[in-house]
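Protein chains in written order, with this note's numbering: chain A, -3 to 134; chain B, 96 to 198; chain C, 942 to 1213; chain D, -12 to 196.
Since the hints were made in silico from the structure, they are not lab data.
Just so we're clear, the structure is a prediction, and the values are computed from it rather than from any experiment.
Careful: at least some of the hints might be erroneous.
[Claimed, not checked] Now the in silico label distances, taken between C-beta atoms and shown as ranges:
| id | chain 1 | residue 1 | chain 2 | residue 2 | range |
| --- | --- | --- | --- | --- | --- |
| 1 | C | Asp969 | B | Lys187 | 43 to 51 Å |
| 2 | C | Ala1015 | B | Lys187 | 13 to 21 Å |
| 3 | D | Leu137 | C | Arg982 | 30 to 38 Å |
| 4 | A | Glu26 | B | Asp189 | 28 to 36 Å |
| 5 | D | Gly74 | A | Glu21 | 54 to 62 Å |
| 6 | C | Thr1009 | D | Leu51 | 32 to 40 Å |
| 7 | C | Ala1015 | D | Arg21 | 30 to 38 Å |
All residues carry an ideal CB built from backbone N, CA and C; glycine is no exception.
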Amino acid sequence: MAALVAAGWWPAMAGAAEWNRLAFEAKTFEDVLKALGGVDAKASGDVVLVAPEIAENGAVVPLQISSRSPATDMLAVLVEKNPNVLAAVFEVPEGTVADFQTRVKMAQTSNVFVLARSGGRYLYAVKEIKVTLGGCGG
Amino acid sequence: MANPMKVRAAVDGDTVLVKALMSHVMETGRRTNDKGETIPAHFIQQVTVTHKGRVVLSAQWGTSISANPFLSFRFRGGAKGETVKVAWVDSKGDSRTDEAIIT
Amino acid sequence: MTWRMRGLAAVAVLAAASAVSIVAAATDAEDHAADEIRKYRQMLEDGNPAELMEMKGEALWREARGPTGASLEACDLGLGPGVVAGAYAQLPRFFADTGRVQDTESRLISCMVALQGFTPVEATRDWYRPGSDLEALVTYVATQSKGMPIRVPVSHPEEARLLAAGGELFFRRSGPLDFSCATCHSQDQRRIRLQDLPNFLNPADARASMVTWPAYRVSQSAVWTMERRLIDCVRQMRWPEPAFGSEAIVALQVWLQHQGEGGELQSPGIKR
Amino acid sequence: MSVRRRLFGLVAVAMLASSSMAGASDSVTDAIVREAFATATPEEWRDRLAQDDAQALCSRHRNLPPPEVAAQILESQRATLRLPDDGRLMGDWRAGEKLASIGTGGHIGRIQPDPPGRAKGGNCYACHVMAPGEVAAGNIGPSLTGYGRLRGNTPEMQRYTYEKIHNAQAFFPCSHMPRFGHNGWLTPKEIADLVAFLLDPASSVNAGR
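Let the sequences and hints guide you as you build the complete structure.
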């Protein structure tokens, strides 16, 4: 895959085939963890989620996710109360900083988890983000 | 055909800061149109960023990523004038590749 | 406000007096919510998807399109044919060739009809759909006024007429909720739910608001132009849908831009 | 035309929501409004665009009517007050809480109309802080947190609260608050539910702290 991308060419379906359907269709944190190859995960201060506590709209919730654990090779974002819990998985190659900004949709107020894999261990941080209604009813 | 992305890459200390805005509906498959019909899911599944033939980021996304996605991150080893390529593939097999010169 | 006190039932006076004690208690929670919303907005500022529409709009502006196969590069947005920089900051304005005061949307449509040979129906088709050509063109035109002060001309009699009408329309109440624009936008420091409401009677507020349009609305996944914004305000007031490009919508824009005169455009904005 | 003469003319058509544009207002915006809404149906004109006397007067005076106009509005609006037929002024506070959150219903037009029959709410939270647990509350109107705890729920308070929601302008001429009952936006039962949301000691509005 990487080689194909590097060559500037890839068959369109190749990427889709590798997509981790099992993980993205999972309905719980535990099932996502399992689908990503983990058994259990530990809360860790090395994993950081920067996000507003209140989102003005659930369609776009800005997040900064990072891990200070040196051997971090994967970061994932999970929104507990979304129909499909897993939002994104970032593979972190050597030389790339384990620190990303992305934006997720939230169907309702929910816990948001950042899950990191570091040296084969799974670590997480969690924060509740409140999703609020707009005023005009639109 | 998919609309172009906006990609920026700039040297930031010993890293290159990459920012990408992608034009995509990111449909969840759970919304209905004004006739009450379900709008089929249509979302970016795979994002790959390369620099000088090396993958500097490989991401998989689900339906929870917001419409017109924004992504920002940093990698080491890039220099001014070099090219960063961002590519995505979505759930319908559509794809798009755009690039930026590191400034 | 003495009239307010007259003729009031005694209970109403009591009710108003006891409301004061509640205000302090509500403030801490409100402050915290306001801080978090500010953080939310700050985090959104970097990476505004409206930039994608700006790119699309610029391509559309330069592309030879329509029955005549012409680009819009000869379009006169008020500062002469082909001058885009600064044009948005001075719209709406009167155009002698159409005999009307036009906003950015309606002027672009005139150009699409005159230069590219589109029919008015073709030029306005699906204008309100996210990602529409018009949305892109307006975004492009507006961003070319970034950093420039809003200064709409009001010296032509037609401009003056719409300025006066816009001011009246702002206060016009009707419909099942008795709403007018002024219901939400005539007091300082007000919010609807958590959304800050600019007070358009206060020039500082009017400037701060008007400089942020057009804006990407995250709740809509689309850039909203001022026409779109105003037509939706009318919808939210539960009025029927005003005609796109109608004088009423242009008049409101003349008045709003006039209230916001001098504000330096930051287009495109990003909002809830 | 003097305000006073206008007023007499308006009193003659008082409360006729179907009064024509020309009859309700002679402002310079009339032609502009007619053009903008040229495709509106006669029903939409009657229910949504034509102004009754209070709307026309408040528009004309930019919501700051001089004393004699304010008194006139107060009088005409007090005359509209109606209590529910069954006499129940306080309903179910939980139903009221729900209504206070609903901001949808009644949108028309081509772009984003509500589906037919979509619930209409009072959308009180758009403008008022109410239950302390709801952070997304507006402030166009005063905070109503602890409303019943501070005022009690005597029959007089129930009646005042009901009437205030029914027609705010019977108390505050040109109030920004919709005349929910008078305009038929909320039913008497729904208003009673909102009264309960405000006054019932068990309501989240009155939760102690």
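A quick look at each hint next to the structure:
{"no.": "1", "hint": "C:Asp969 x B:Lys187: 43 to 51 Å", "result": "holds (49 Å)"}
{"no.": "2", "hint": "C:Ala1015 x B:Lys187: 13 to 21 Å", "result": "violated (39 Å)"}
{"no.": "3", "hint": "D:Leu137 x C:Arg982: 30 to 38 Å", "result": "holds (34 Å)"}
{"no.": "4", "hint": "A:Glu26 x B:Asp189: 28 to 36 Å", "result": "holds (33 Å)"}
{"no.": "5", "hint": "D:Gly74 x A:Glu21: 54 to 62 Å", "result": "holds (55 Å)"}
{"no.": "6", "hint": "C:Thr1009 x D:Leu51: 32 to 40 Å", "result": "violated (53 Å)"}
{"no.": "7", "hint": "C:Ala1015 x D:Arg21: 30 to 38 Å", "result": "holds (35 Å)"}
In this structure, the hints that do not hold are numbers 2 and 6, in rising order.
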